[in-house]
Structure formats: C-alpha cells, structure tokens
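Student: So the sequence shown is residues 2 to 404, counted in our numbering.
FYI, nobody ran anything at the bench for these hints, they're computed from the structure. There may be inaccurate statements among the hints.
Unchecked claim - Pairwise CB distance ranges (calculated):
(1) R246 x D404: 28 to 36 Å
(2) G374 x E97: 25 to 33 Å
(3) F338 x K219: 23 to 31 Å
(4) A113 x P145: 21 to 29 Å
(5) Q263 x S108: 47 to 55 Å
As the list claims (entries may be wrong) - Only pairs whose alpha carbons sit at most 20 Å apart, straight line, appear in this in silico SDA-like list of lysine to any residue:
(6) K168 x K367
(7) K186 x T334
(8) K236 x K218
(9) K236 x E360
(10) K204 x D282
(11) K367 x L96
(12) K216 x P144
All residues carry an ideal CB built from backbone N, CA and C; glycine is no exception.
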Amino acid sequence: MRIRRKHTRPRSESLCPLWLLCVVMCLILLTVLLNVFVIMTLIHDKENHRRPFSSFLAQTNQLKHTAAIQDGTNDDEEKQDLNVELEGDGRQHILEMFKEAEVNLTSDQIDALPTWSQVQQVVGTHPHVLNLESCARYREIVPPLERMLGSAGPFNTGTNLVTHLLKQNCEIPERREKCGPHESKECYGMRWQVPWGKHTPAKFRNQHSTLKAQKIKKEYILPVVTMRNPYTWFKSMCHNGYAARWKHRKSEMGCPNLKDPQEGGSWNPVKVLYGEGREDDHLSLAHMWNDWYGYYLKEADYPFVALRMEDLVFYPKETIRQVCECAGGKIRTDQSFKFIVESAKADSPGHDKTTGIYEAWIKYSKPAPAMGGLSAEDFLHSKEALNRTLMNLMGYRHPPATD
Numbered sequence: 002m003r004i005r006r007k008h009t010r011p012r013s014e015s016l017c018p019l020w021l022l023c024v025v026m027c028l029i030l031l032t033v034l035l036n037v038f039v040i041m042t043l044i045h046d047k048e049n050h051r052r053p054f055s056s057f058l059a060q061t062n063q064l065k066h067t068a069a070i071q072d073g074t075n076d077d078e079e080k081q082d083l084n085v086e087l088e089g090d091g092r093q094h095i096l097e098m099f100k101e102a103e104v105n106l107t108s109d110q111i112d113a114l115p116t117w118s119q120v121q122q123v124v125g126t127h128p129h130v131l132n133l134e135s136c137a138r139y140r141e142i143v144p145p146l147e148r149m150l151g152s153a154g155p156f157n158t159g160t161n162l163v164t165h166l167l168k169q170n171c172e173i174p175e176r177r178e179k180c181g182p183h184e185s186k187e188c189y190g191m192r193w194q195v196p197w198g199k200h201t202p203a204k205f206r207n208q209h210s211t212l213k214a215q216k217i218k219k220e221y222i223l224p225v226v227t228m229r230n231p232y233t234w235f236k237s238m239c240h241n242g243y244a245a246r247w248k249h250r251k252s253e254m255g256c257p258n259l260k261d262p263q264e265g266g267s268w269n270p271v272k273v274l275y276g277e278g279r280e281d282d283h284l285s286l287a288h289m290w291n292d293w294y295g296y297y298l299k300e301a302d303y304p305f306v307a308l309r310m311e312d313l314v315f316y317p318k319e320t321i322r323q324v325c326e327c328a329g330g331k332i333r334t335d336q337s338f339k340f341i342v343e344s345a346k347a348d349s350p351g352h353d354k355t356t357g358i359y360e361a362w363i364k365y366s367k368p369a370p371a372m373g374g375l376s377a378e379d380f381l382h383s384k385e386a387l388n389r390t391l392m393n394l395m396g397y398r399h400p401p402a403t404d
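Whole structure, please, built from the sequences with the hints as guidance.
Tutor: Have a look at this one:
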C-alpha cells in the first residue's frame, strides 16, 4: 500500500507574507507621524512670525508717541496715546472706572494714581461681604413689599457712602411697581439707616427707635453693616470721635492711647453716648471696634450683611450688587451705575467733606506705614487687643513693624 505524503511549506516561506505586512504597516505609521510633525512645525513657525510683528508694532507705536510729544502733537492725540501707555502699567481698569463715573482727571492726577495690582496688594482681589448665608432666610420671612435695607456701623466707617450707593443703584422691584416712578428711595426700600439708628449698637436694637422709624417692624429691615480697617479707623476717630469719649491727645503719637500709663498701664476706657441717654462702655478704642461688630457677628439671631468700607471705594459695583440682591433687590437697569463722586458726607453737617472718589482712591490705596503710623506702645497694644478672627474674616492685616 502506497502512502501519500502531505506536502508542507517550509516555515520561512509561510511567514514571509506576515513579515511583509508588518513592514508596510510600519512605513505607513512613520509617514503619518512625519506629516503630523511637519504640520505642527509649520504652525509653530507661523505663530513665531506673528509675535515679532506684534512686538515690532508695539515698539513702533511707542516711538510714534514719543516723537509726537517732542513734535508738539495736539492734546487729543496725546490723551489717546497716554491711555495706551497707561494700559501697560496697570491703570487702564482704574481709568475706565473714573470715565464711567464721569470724573475728568488731569495728567498730574493720573500720574498719582496707583496701579490696579498695587490696589489689590493693599485691599485684596475681591470684596468681602459677610453673612450672605442669611439672605435666603431674610427673603423667606419678609414679604417683598415690606423689604428694606438700612446702614449700620460705628462712627467713621462709611455708613453715608453705602447709603448713597444703595439709594442711587438698588431698588426692590415689587416696591417700585407699587410706588410707581419718581418716588422716594425710601419707597423703593432704601432707607437712610436701621430703625434703631445707624451708629447705635445692635445691643440696643429692641430698646430704641429713631423718631421717623417708630412704626417700622425691625425684622423687616436688612442691616447693612459697614466695617473699616481698625488702623485707619483709629486715625479718623482721633480726628473726630463724635460721641465717643476717652483720654487722649489728637497729636500723631498721642492717639489712640489704648492704655493709660498714668493708671499703671491699664486699658484706657471709652464711653459712648447714644440716643435717649444710653451708654456703652469699652475697655479701649480697639475693644470698641471688637465689641461693636461683635454685637452683630456673635449675638445677632436675625439676618444682616457686613461689608468693608474699602470695598465701597475699590469694588463698589460688585459689593452693592451682592448686598442689593441679598434683600431681593435689583440693580437698576434704566441707568448706568451711579458712583458717589463727591464726599458722601457733603449733605451731613459737622462731617469732613474733603474726601471724594479720587481722594479716597489715593488715600486708601497706600500701603500701611510702619506700625500703622501709631506709637510703638499703641501698635503693640493694638495687636494685643484687636480680635484676630474678625480681622481675618474681613481680610485685614496688622501693619508691618518697620518700613
């Protein structure tokens, strides 16, 4: 019997087509990667060609500006180029705000302005508004037609400023609809102060009402509490303490005189007189700052918001919007935002009327001087007395000990 053998290919011959397929696939992959590399290189080169042209254009414009000044070009062209130049050093945002506020600045005033980065180094990159979590509760318990906002704060903390900003820019829609156009700001929900008096501590909230607020339900008003850096507040209180009384001299180094060396170095007490003969006593002026805000932040069981006076200067639109919306209000859309250009105390007898919007920008954008401008003793006592938690919450810092 003849056996037929099965024919088999050699191993190398059977693998040859697979090997060729691998080579072809590798070649295709290398070709694709090479094309991608070429395309990316072209794009990169194109971008690199654009950048030198932009830089060249900027240099050319700068040269034109310099030549125009030397040749005596007209004022309008100089102002336009000046704005371009200022944009490069960080003042453009500030200039736009002054333009929106319809404040015309001289070249000397522009030169004196800080840059925006300098402002943010001093006051921070955003406004600080405390207790916004209570807004929903306020809107829940107070009917829209009864909602009102009123300022509250110690002397010299910007209560007039926040009141003017709210009156000019905020309104409760439901109240406006009921009152109609051309009515008072109070009718639209913006009151001058809280019913117990804007400077009166919250501890007297249920014991006192101003003459014009006898019939107002106190739970219907949202207190807008203004705070201020304690070191600049000390200076203002030394200049004009209003109803606050304590032993001190108005000289630079004689105030705030937090401790009394004649009394063995004990705290120098402050007594404040309020309406209807009410008094409030504090261990020192620094403790008055702690106590006044503590009546809200530690003891208030009702809605309120607290903001920084400095933010009313540098972040007015953002700050007022948050406060307005907290009470269910809306920023007016029938007009542009209204800034307070002149002193907010211009219509208040007996107040300093010299600080308008420009002066405030210059004054409050300056870095704190060594020890806050206080004596070495008052600086140490300030650091001892001021509530650290409260200062941190509002983004305030102790000044440096040295320049």
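Student: Each hint should be assessed against the structure and marked as holding or not.
Tutor: Hint check:
1. For R246 paired with D404, a C-beta distance near 34 Å keeps the hint of 28 to 36 Å intact.
2. Here the CB-CB span from G374 to E97 is close to 32 Å, well matched to the stated 25 to 33 Å.
3. In this structure, F338 and K219 meet the distance hint of 23 to 31 Å, their C-beta atoms being roughly 30 Å apart.
4. Checked against the hint of 21 to 29 Å, the C-beta distance between A113 and P145 comes to roughly 45 Å, which is inconsistent with it.
5. Between Q263 and S108 the beta carbons are some 52 Å apart, a value that agrees with the proposed interval 47 to 55 Å.
6. In summary, the hint linking K168 to K367 is not supported, as the alpha carbons are separated by about 29 Å, beyond the 20 Å threshold.
7. A distance of roughly 16 Å separates the Cα atoms of K186 and T334; the hinted pair therefore holds under the 20 Å criterion.
8. A threshold of 20 Å between alpha carbons decides the hint, and for K236 with K218 the separation of about 36 Å lies outside it, so the pair is violated.
9. Of the supplied pair hints, the one linking K236 and E360 holds, its CA atoms being roughly 16 Å apart against a limit of 20 Å.
10. Distance hint between K204 and D282 is fulfilled; the C-alpha atoms sit about 12 Å from each other, no more than 20 Å.
11. Taking the CA atoms of K367 and L96, the gap is about 18 Å. The hint holds against a cut of 20 Å.
12. Under the criterion of a C-alpha separation no larger than 20 Å, the hint pairing K216 with P144 is consistent with the structure, at around 17 Å.
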